[in-house]
Amino acid sequence: MINQDISHLFKQMAIFLEMMDVPFKPAAYEKAAGEIEALDRDLRDIYQEGGLKALNAVPTVGESMAEKIEEFIKIGQIKELERLKKKFPVEVEELYRVEGLGPKTIKLLWQKLRIKNLHDLEAAAKAGKIAVIPHLGEKTEQNILRGLEFLRQTGNRKILGYILPLARQIEERFRKLPGVSHAVIAGSLRRRQETIGDIDLLVTTTKPKMAQETFVKMPEVIAVYAEGVGRSSVRLNNGMDADIRILPPESFGAALQYFTGDKQHNIELRKIAIQKGFKLSEYGLFRGRRRLAGKTEEEIYKKLGMDWMPPELRTASGEIAAAIKHTLPTLLPYGAVRGDLQVQTNWTDGAASLEKMTEAAMTAGLDYIAITDHTKTLAMTGGLDEKGLARQGKAIDKINAQIAAGKFGGEKSGAKSAGRKNFRVLKSAEVNILKDGSLDIQNSALKKLDVVSAAVHTNFKMRREEMTKRIIKALQNPYLNILFHPTGRLINQRPPYEIDIDAVIVAAKKNNVALELDCFPDRTDLKDEHVRKAVDAGVKIVIDTDAHSPDHLRYIELGEATARRGWAVEKDVLNALPLPKLLAYFRKKR
DNA sequence: GCCGTTTTCGGCCCGACTGTTTTCAGTCG
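Just so you know, we're using the numbering used here here: the first sequence kicks off at 98 and counts up by one.
Careful: at least some of the hints might be erroneous.
As a list, the in silico DMTMM-like pairs of lysine to aspartate or glutamate whose alpha-carbon atoms are at most 25 Å apart [as the list claims (entries may be wrong)]: (1) Lys306 <-> Asp295; (2) Lys368 <-> Asp338; (3) Lys182 <-> Asp295; (4) Lys360 <-> Glu379; (5) Lys122 <-> Glu164; (6) Lys606 <-> Glu667; (7) Lys607 <-> Asp494; (8) Lys686 <-> Glu654; (9) Lys226 <-> Glu238; (10) Lys314 <-> Asp137; (11) Lys544 <-> Glu626; (12) Lys400 <-> Glu365; (13) Lys544 <-> Glu562; (14) Lys176 <-> Glu219; (15) Lys223 <-> Glu190; (16) Lys570 <-> Asp482; (17) Lys624 <-> Glu168; (18) Lys176 <-> Glu191; (19) Lys422 <-> Glu167; (20) Lys376 <-> Glu395; (21) Lys545 <-> Glu452; (22) Lys368 <-> Glu379; (23) Lys686 <-> Asp494; (24) Lys686 <-> Asp533; (25) Lys570 <-> Glu595; (26) Lys128 <-> Glu167; (27) Lys273 <-> Glu238; (28) Lys545 <-> Glu626; (29) Lys570 <-> Glu626; (30) Lys184 <-> Glu269.
FRET-style restraints, in silico, Cβ to Cβ [what the hints assert, rightly or not]: (31) Lys495 <-> Leu149: 33 to 39 Å; (32) Gly173 <-> Ala224: 34 to 40 Å; (33) Pro345 <-> Glu562: 54 to 60 Å; (34) Asn540 <-> Lys236: 38 to 44 Å; (35) Arg265 <-> Gln361: 25 to 31 Å; (36) Arg561 <-> Glu395: 55 to 61 Å; (37) Lys368 <-> Pro575: 47 to 53 Å; (38) Arg180 <-> Ala224: 46 to 52 Å; (39) Tyr380 <-> Asp404: 20 to 26 Å.
Because the hints were derived from the structure by calculation, they are not lab data.
Predicted model, so just to flag it, every value in this text is computed and none were measured.
Backbone N, C-alpha and C fix where the C-beta goes; we use that ideal spot for every residue, glycine too.
Model the full structure from these sequences, guided by the hints.
Put into structure tokens, the structure is as follows:
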């Protein structure tokens, strides 16, 4: 996949252009970088099939960017970017990750102090050199140090949703190799943890040498740390390390269990094994020298006196006790979510039209979507006011009528959407919660929507009590159905706002408002622990992608994974309901 | 540099907040 590379290069283009005060282009590159990051298909494949024209057909990619992508495919770099880098030899992307640092400050820091990277930045801040620069100051310097600390805490872990496609591609490569019977990525990826540190590939094969060579020669490999028959270790071009372990079939299950973890879960299992007079390792479950189990995970858990459990649960937080008592929940199955209740269109900040998002959702096999464009106080998105929502409502009515008549999509859409007469587009909105907790749309207009959702998008830096009070007030609005991305965090970018999540859960229960599990990869908000708290309290969850483009709709599985990590079962998830039941549920509140 | 509810050329990125200032530039959503 070259998509991540292109996405990074375009992000850098955007920052450089912004540094030079070029109007509009930075936003264009930024937008394209996001689009490409979410793209399912490899740009290289798209180019090889349809050339420049096909690249141009990718939304937000025009003639000029298509040429730059072609250039990258052909010579491995973008000349214009190289020129910019010569002008400012600065690691702009890494500096930009520091909260509060933007292109202009990065430029100023380069001009005054020759700061090129995070290392220079930290040294300068600690030496007090930043505070004395005109236009900066004491507080800016402190903010930079805090930003650096936040970055350090998040470390080099990658976001699950962005690594999963690569992980699957790697698995697929090995499954196709002759002699291979198993090829599975274990570790935090298999547990679907929100961030991933490295990739652990387990393979059983009759041709170990071939598997080993294939691994170290993968196109993503930039360095080989260790190469052996049983284990090899490499560094990938995305900055992650990857390991392969080549195993005999009789211990595959034991290795899978061992390398799936997590660490604490394994420690507890080994304690139980010891109590029973066994020894558990990556090679199997043993009594003395005799191997009692090892071929599958199931037999290992069984011999330890408990049920097998899904990898998502293995965090040593009650799953072992439940497995012993045979009381593990039947987790929300993958594919159970039937509709997406947060979808943006180009009526505000989405990339695609109402029609295109509808078409994409039908093709993706969903049964319904809710259109949730932003509302008026979010000026940057061109948020809709009451009149705008009414106009959009009419556009939605029109689409629903076409769908019901089997006439939606026309010639081009083909068979996939034509037969879906029961598909439904719901009228909704992502209503902005104002500083005082009121909503920025009149109740009389909310009443006309099929489902009402709200979220915080402004005034993030409130004190904990104030923010909690603000959100609880919003939850008390009689028309509110769902609270979107309840903690506001962006993984590796921005911490959650200060909020008492337990109090919010209590208020959500009391006011019959569902909490969203926004599964856009950077958000994953609610996170797993919060899902579990909510579910325990009897609060309903809604799993949404927050799609801003058709390609985002496929993120649903990430939300299902996080819901599973939070012990959610099907009845906890509102949008696992078929449409009539879902609508009845929302109507009950009116 | 991209895109088309009206426009293949002319709009897009607006408003609040912060930290620096004393009237405003930079950042963020």
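> So which of the earlier hints does this model not fit?
Replying inline: 2, 3, 7, 8, 11, 13, 14, 17, 19, 27, 28, 30, 36 and 38
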